[in-house]
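Chains as they are written, first to last, in the numbering used here: chain W, 1 to 139; chain F, 1001 to 1139.
Simulated from the structure, these hints should not be mistaken for laboratory data.
The C-beta atom is built at its ideal place from N, Cα and C for all residues, glycine as well.
Sample of chain W residues facing chain F (criterion: CB under 7 Å; computed from the structure):
| id | residue |
| --- | --- |
| 1 | Gly-29 |
| 2 | Tyr-70 |
| 3 | Tyr-77 |
2 protein chains.
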Amino acid sequence: MKKQEILPFGLELVNRSEIALLGTINEDGFPASRAMLKMENQELKKIWMSTNNSSGKIEQLRKNPNASLYFVEEPKYIGLLLLGTVEILLDSQSRQRFWRDGFEMYYPKGINDPDYAVLCFTAQKGILYYDLSIQTFDL
Amino acid sequence: MKKQEILPFGLELVNRSEIALLGTINEDGFPASRAMLKMENQELKKIWMSTNNSSGKIEQLRKNPNASLYFVEEPKYIGLLLLGTVEILLDSQSRQRFWRDGFEMYYPKGINDPDYAVLCFTAQKGILYYDLSIQTFDL
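Chain W extracted, bound-state conformation (with noise of 0.2 Å):
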């Protein structure tokens, strides 16, 4: 693939995930993932997520940022792979701003839920895999 088609192609990837796999480093330096639903994604730059604030990923975060969000895409596994940080927004305006209805199940005192919290990853670098090649870039 072109260097200039990458973007492109990583970026509509990224726009036709519901599912992301957030990657985090947990207290034991052993790499932990778990599949998250993207809610919203500003360019490769910036996606943003919802979890629960007492949740083990949260308690990994907090001591490592460091993270990355994987998305894949079978059959042929064209996979991209951002690696970043990720910050955990608990003001009322990202509460407000990524509510979804349903979000009840998981938050049951609704948006101001202290258990309700938002996850903000900023990407730093990407690798896009593709039909047996291997391409890296800068965010």
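We have chain W already, so just place chain F on it with the hints.
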């Protein structure tokens, strides 16, 4: 899920998965992920894959063998995260045992291609994500 149901449930998920997401820690201290073909498994304890010996993940694993394998199934996002370490196998017996038809696409020089490596992941701990609950177990 009852404690005695976790291991069989996790094993069924691994047995029917063709793909595992291998998590490593890269040279800059960021968690990295990529989809890998799961080749064989011995219960939940050992899982074998193959890769190019020249790949970035091998370099990462040589520096830091701590790794994870994540198995996930849509639409309910039932997920199993295994945490452990990876050993890189280059001996003839392992090459022979895990060689598959079509591998020439990845390793053009065949079974003795110096770029053909087998990865053996050994799990120490498991985390099952199921129906909004998270259950941790030792392996």
